[in-house]
Amino acid sequence: MKKYIGKRVLTSLFTLLVILLVLFILMQLMPGSPFNDEKLNADQKAALYAKYGLDQPIVVQFFKYVGNMLKGDLGVSYNISKNTPISQLIQTRLPISIKIGGFAVSIGAVVGLLLGLVAALKHDTIWDSLATVISVIGVSVPSYVFALALSYTFGFKLGWFPMLFSQQDIFGSSVLPSISLSMFTMASIARFTRSEMLEVLGSDYMLLAESKGISGAALIFRHALRNALIPIITVLAPLIVDLMTGSLVVEKIFSIPGVGSLLVNAIQSNDYNVVISLSFIYSAMYIIIMLVVDILYGIIDPRIRLAKKGD
Amino acid sequence: MKRTKAFVAIGMASVMAFSLVGCGSSADTASTTTSTESATTGAETTAEASAEASATSSSDMNIMLETPVESLDPQQATDGTSFEVIADYTDGLMQMDADGQAIPAIAESYDLSEDGMTYTFHLREDANWSNGTPVTAADFVFAWQRAVDPEVASEYSYMLSDIGQIKNAAEIIAGEKDKSELGVTAVDEKTLQVELNVPVSYFLSLMYFPTFYPVNEEFFNSCGDTFATSPETVLANGAFVLDSYEPAATAFHLTKNADYYDADKVQLAGLNYQVIQDSQQALMSYQTGALDTTLVNGEQVDQVKDDPEFQAIGAGYLWYVTPNIAGVEELANLNIRMALTMAINRESITEDVLKDGSTPTYTAVPPQFAAGPDGSDFSKDQTAFADVCAFDADKAVEYWNAGLAELGITELTLDMVVDADDAPQKVAQVLKEQWETTLPGLTITLTIEPKKQRVQDLQDGNFELGLTRWGPDYADPMTYLGMWITNNSNNYGFWSNADYDAMIDECTTGALCTDAEGRWAKMFEAEKIVMDEAVIFPLYTQCNAEMMSSKVTGVEFHPCALNRVYKNAVKVD
Numbered sequence: 053m054k055k056y057i058g059k060r061v062l063t064s065l066f067t068l069l070v071i072l073l074v075l076f077i078l079m080q081l082m083p084g085s086p087f088n089d090e091k092l093n094a095d096q097k098a099a100l101y102a103k104y105g106l107d108q109p110i111v112v113q114f115f116k117y118v119g120n121m122l123k124g125d126l127g128v129s130y131n132i133s134k135n136t137p138i139s140q141l142i143q144t145r146l147p148i149s150i151k152i153g154g155f156a157v158s159i160g161a162v163v164g165l166l167l168g169l170v171a172a173l174k175h176d177t178i179w180d181s182l183a184t185v186i187s188v189i190g191v192s193v194p195s196y197v198f199a200l201a202l203s204y205t206f207g208f209k210l211g212w213f214p215m216l217f218s219q220q221d222i223f224g225s226s227v228l229p230s231i232s233l234s235m236f237t238m239a240s241i242a243r244f245t246r247s248e249m250l251e252v253l254g255s256d257y258m259l260l261a262e263s264k265g266i267s268g269a270a271l272i273f274r275h276a277l278r279n280a281l282i283p284i285i286t287v288l289a290p291l292i293v294d295l296m297t298g299s300l301v302v303e304k305i306f307s308i309p310g311v312g313s314l315l316v317n318a319i320q321s322n323d324y325n326v327v328i329s330l331s332f333i334y335s336a337m338y339i340i341i342m343l344v345v346d347i348l349y350g351i352i353d354p355r356i357r358l359a360k361k362g363d
Numbered sequence: 252m253k254r255t256k257a258f259v260a261i262g263m264a265s266v267m268a269f270s271l272v273g274c275g276s277s278a279d280t281a282s283t284t285t286s287t288e289s290a291t292t293g294a295e296t297t298a299e300a301s302a303e304a305s306a307t308s309s310s311d312m313n314i315m316l317e318t319p320v321e322s323l324d325p326q327q328a329t330d331g332t333s334f335e336v337i338a339d340y341t342d343g344l345m346q347m348d349a350d351g352q353a354i355p356a357i358a359e360s361y362d363l364s365e366d367g368m369t370y371t372f373h374l375r376e377d378a379n380w381s382n383g384t385p386v387t388a389a390d391f392v393f394a395w396q397r398a399v400d401p402e403v404a405s406e407y408s409y410m411l412s413d414i415g416q417i418k419n420a421a422e423i424i425a426g427e428k429d430k431s432e433l434g435v436t437a438v439d440e441k442t443l444q445v446e447l448n449v450p451v452s453y454f455l456s457l458m459y460f461p462t463f464y465p466v467n468e469e470f471f472n473s474c475g476d477t478f479a480t481s482p483e484t485v486l487a488n489g490a491f492v493l494d495s496y497e498p499a500a501t502a503f504h505l506t507k508n509a510d511y512y513d514a515d516k517v518q519l520a521g522l523n524y525q526v527i528q529d530s531q532q533a534l535m536s537y538q539t540g541a542l543d544t545t546l547v548n549g550e551q552v553d554q555v556k557d558d559p560e561f562q563a564i565g566a567g568y569l570w571y572v573t574p575n576i577a578g579v580e581e582l583a584n585l586n587i588r589m590a591l592t593m594a595i596n597r598e599s600i601t602e603d604v605l606k607d608g609s610t611p612t613y614t615a616v617p618p619q620f621a622a623g624p625d626g627s628d629f630s631k632d633q634t635a636f637a638d639v640c641a642f643d644a645d646k647a648v649e650y651w652n653a654g655l656a657e658l659g660i661t662e663l664t665l666d667m668v669v670d671a672d673d674a675p676q677k678v679a680q681v682l683k684e685q686w687e688t689t690l691p692g693l694t695i696t697l698t699i700e701p702k703k704q705r706v707q708d709l710q711d712g713n714f715e716l717g718l719t720r721w722g723p724d725y726a727d728p729m730t731y732l733g734m735w736i737t738n739n740s741n742n743y744g745f746w747s748n749a750d751y752d753a754m755i756d757e758c759t760t761g762a763l764c765t766d767a768e769g770r771w772a773k774m775f776e777a778e779k780i781v782m783d784e785a786v787i788f789p790l791y792t793q794c795n796a797e798m799m800s801s802k803v804t805g806v807e808f809h810p811c812a813l814n815r816v817y818k819n820a821v822k823v824d
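Protein chains in written order, with the working numbering: chain A, 53 to 363; chain B, 252 to 824.
Source of the hints: derived by calculation from the structure; they are not laboratory data. Among the clues, some could well be false.
Examples of chain B residues toward chain A, derived with CB under 8 Å [what the hints assert, rightly or not]:
(1) E321
(2) D324
(3) Q327
(4) A500
(5) T501
Just so you have them, the derived chain B footprint on chain A, three or more residues with Cβ under 8 Å [claimed, not checked]:
(6) 67-80
(7) 95-109
(8) 131-140
(9) 194-205
(10) 217-224
Beyond 12 Å from chain B on every Cβ pair, some chain A residues (computed) [to be verified]:
(11) K55
(12) G58
(13) F87
(14) R145
(15) H175
Think of the CB as a built atom: it goes at the ideal place given N, C-alpha and C, for glycine as much as any other residue.
Same shape as in the complex, but just chain A (with noise of 0.2 Å):
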């Protein structure tokens, strides 16, 4: 086990490497430049790159910033925040979006499971197929459409929550952006624990276990949740991604003081560093969350971990 955690977190810091250059040739043929304002003349142009550096060859900028980023300088913001570094742009961001994100995945595990569960439980009712509704709403409506709507009626109509984020009511205001960032995430478990749950409780040793006598809660969440469970968690993790380019657009929206919307902000103004710093923090969390996922699926399975030790 310990091996097999070892590879995978080598691999995982390769592959961060990895997208960290692609990131940087993927700036080099973003369209524009940071300075590209109507104001600017050449000469000005050529004083604001030999300032950050610019000038330089790629190969030079490269292990630079490579070299920086290694002592935890991820650069300074060229214009969206000017010269502001881009560590303290995050410190104060990071932390909101991801209490934001985690209100929504746990909103929406807990719920989506519960819904899963019902509809299995009890298959071609009114219960399921109203089940079924709601996740496939949840699924094929994007995050900002819930938002807006969640917003209007909310926010604006019935005045229950704020429609903007606000420091000074951090978890009223987060009620409405996880609600809407939630839904996706639930509607997918939601589908995925129905199924499972049917299989599951279809399958032979069900009947067995049944038949030795075994009822009630023990027999659906020990014996049928628990095999149920291996593929949820497999969806959950590219779910948790999602959620995060999701609050792209839903931080800008409420007006979240987090990442996301300083992400799309860098992007719309060509500011390198906070792009690519930004860009590697999410590839990071998504690499973290599938490592995560793997190491748990031995935990979870036995059977996986058996045949890594059998290799």
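Knowing the structure of chain A, use the given hints to seat chain B on it.
Quick look at chain B alone, frame taken from chain A:
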């Protein structure tokens, strides 16, 4: 035992959310975890503190911003939002009155030498920074030297050199002289002397432009690299004091500056800024009363245009089409250019498409930002060049056919580069339709690209037609006319006319510098050349559609330098 295990498994999916996200964060910010926490709590405390402060007085004004502040460093900031906020808490030598005229601020008086090339400003005795130190002439010297310092690479350095004509500014920017040689000296603590290369008639109006705002050297040095990134790293000498802010903040707050020399006149308890990038959210917030003012986009205008709180505020930007005169053979033909500009129905663009109060413009210098020696608007008469640009389908076709004949062609395809933003795309669609309908044989294709790329393509001459805009930097027609001299980086069409260059020279550095009326007349002549030769096709002057609560009065709007000034605003509850 088994039961517990099962429950662990059940809880896994839901708990995973926390653990996974937790992992992601701890790995990425491992080194900064503790500081992150303290920073967040810090931000919360200041936010709470400001909320408490604002709770004691109900007359905070709640203002919506479309974009976050880019920089609070007066010598680095370039955008209107940053300028507005910097000016909330900083006074320059001069300030704007409601009409945009320069009136005394930190300088209580000034003397101008007889040759018009040396200004001596006398600073107020009672002007202090928010840390108690007096605002001195040295603060201006330090700030202005920063503005031209090649190491600082200020984007607005040309305000001191080309526009302000301050002695040695251009040489310092070019790296030929040391910044200490800049023509600005602190004669004593409260006397500032500025030497110019030539007399500059609008020089005083530059003094309220944030690039010219003072910075206290000692304080600047004490901040290290963090200058102007938090309330602790900025000093105020103006009407308000910044009390909560972080870089690229989506919400921040300023409180009235009790120690401001003009504090008696400031009626608002504070300014509460909220960045909202989604227009629906902004309007709804306004309607619930959370905002006192907000921008409204073109689609929302229909919904609110009958509301008495709706208003269209001149934003100063002139939108125009620039033909690539030097690079495209067909566009070098004057008849073709005349046909194109006369085939544009500008009224239809503003009335049917934009609907935000923008006004059709028939002059190369837009109206309502530059007043002449007699106080009248330079471009008040919008019919002056109507014969060479107003919509006239028949005349347009005449020019068109003449042009085609000269070129020996029967049809023509032209491409226009357009910003990927909402309004420009709509305008471009209408232009295409108007041109193709009026001018037989013309096909227009549109290249829609991000603004940064569009600007680069124009500057590189890599275009045929370009839809672009220009906002005035200072209250003088030269902010526009100066663009079309040979080799100016904003003369995208590479148009060149020796007579025109000579006229502009005469007005900026030549004999007319000291003759206000003569200069004004000459600039009008120069504008006529631009229009007669169809160097650009002016379209409209942009307005911002805004909602302004009836509780608020006295907000001053300006098309250049500072778009909104709140110093004299009043809010009744």
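#### Entry: chain B covers the segment 194-205 of chain A, three or more CB atoms within 8 Å, holds or violated
n = 3 at 8 Å, threshold three: holds.
### Query
Taking C-beta pairs only, is A/R145 more than 12 Å away from all of chain B?
violated, 8 Å
### Query
Hey, does A/K55 actually stay past 12 Å from chain B on C-beta?
Its Cβ never comes within 12 Å of chain B, the nearest being 21 Å, so this holds.
### Query
Does B/D324 pass the interface hint, meaning its C-beta sits closer than 8 Å to a C-beta of chain A?
This interface hint holds because 7 Å falls under the 8 Å limit.
### Verdict on A/F87 as a residue remote from chain B, using beta-carbon distances over 12 Å
The claim breaks: A/F87 does not keep its Cβ more than 12 Å from every Cβ of chain B (closest is about 8 Å).
### Task
With chain A as the partner, please determine if B/T501 meets the hint condition of a C-beta pair closer than 8 Å.
holds, 4 Å
### Query
Any CB of chain A closer than 8 Å to the CB of B/E321?
holds, 6 Å
### Query
Beyond 12 Å from every Cβ of chain B: is that where the Cβ of A/G58 lies?
holds, 16 Å
### Query
Would you say A/H175 is clear of chain B, with no C-beta pair closer than or equal to 12 Å?
Check passes; 20 Å lies beyond 12 Å.
#### Entry: Status of the B/Q327 interface restraint (C-beta, 8 Å, chain A)
Holds: closest Cβ of chain A sits about 5 Å from B/Q327, inside 8 Å.
### Query
With a Cβ-Cβ cutoff of 8 Å, does the segment 131-140 of chain A contain at least three residues near chain B?
holds (count 9)
### Query
If you look at each residue in the segment 217-224 of chain A, do at least three have a Cβ nearer than 8 Å to any Cβ of chain B?
It holds: at least three residues are needed, and the segment 217-224 of chain A offers 5 whose Cβ sits within less than 8 Å of chain B.
The structure is inconsistent with the numbered hints 6, 13, 14, although it conforms to all the rest.
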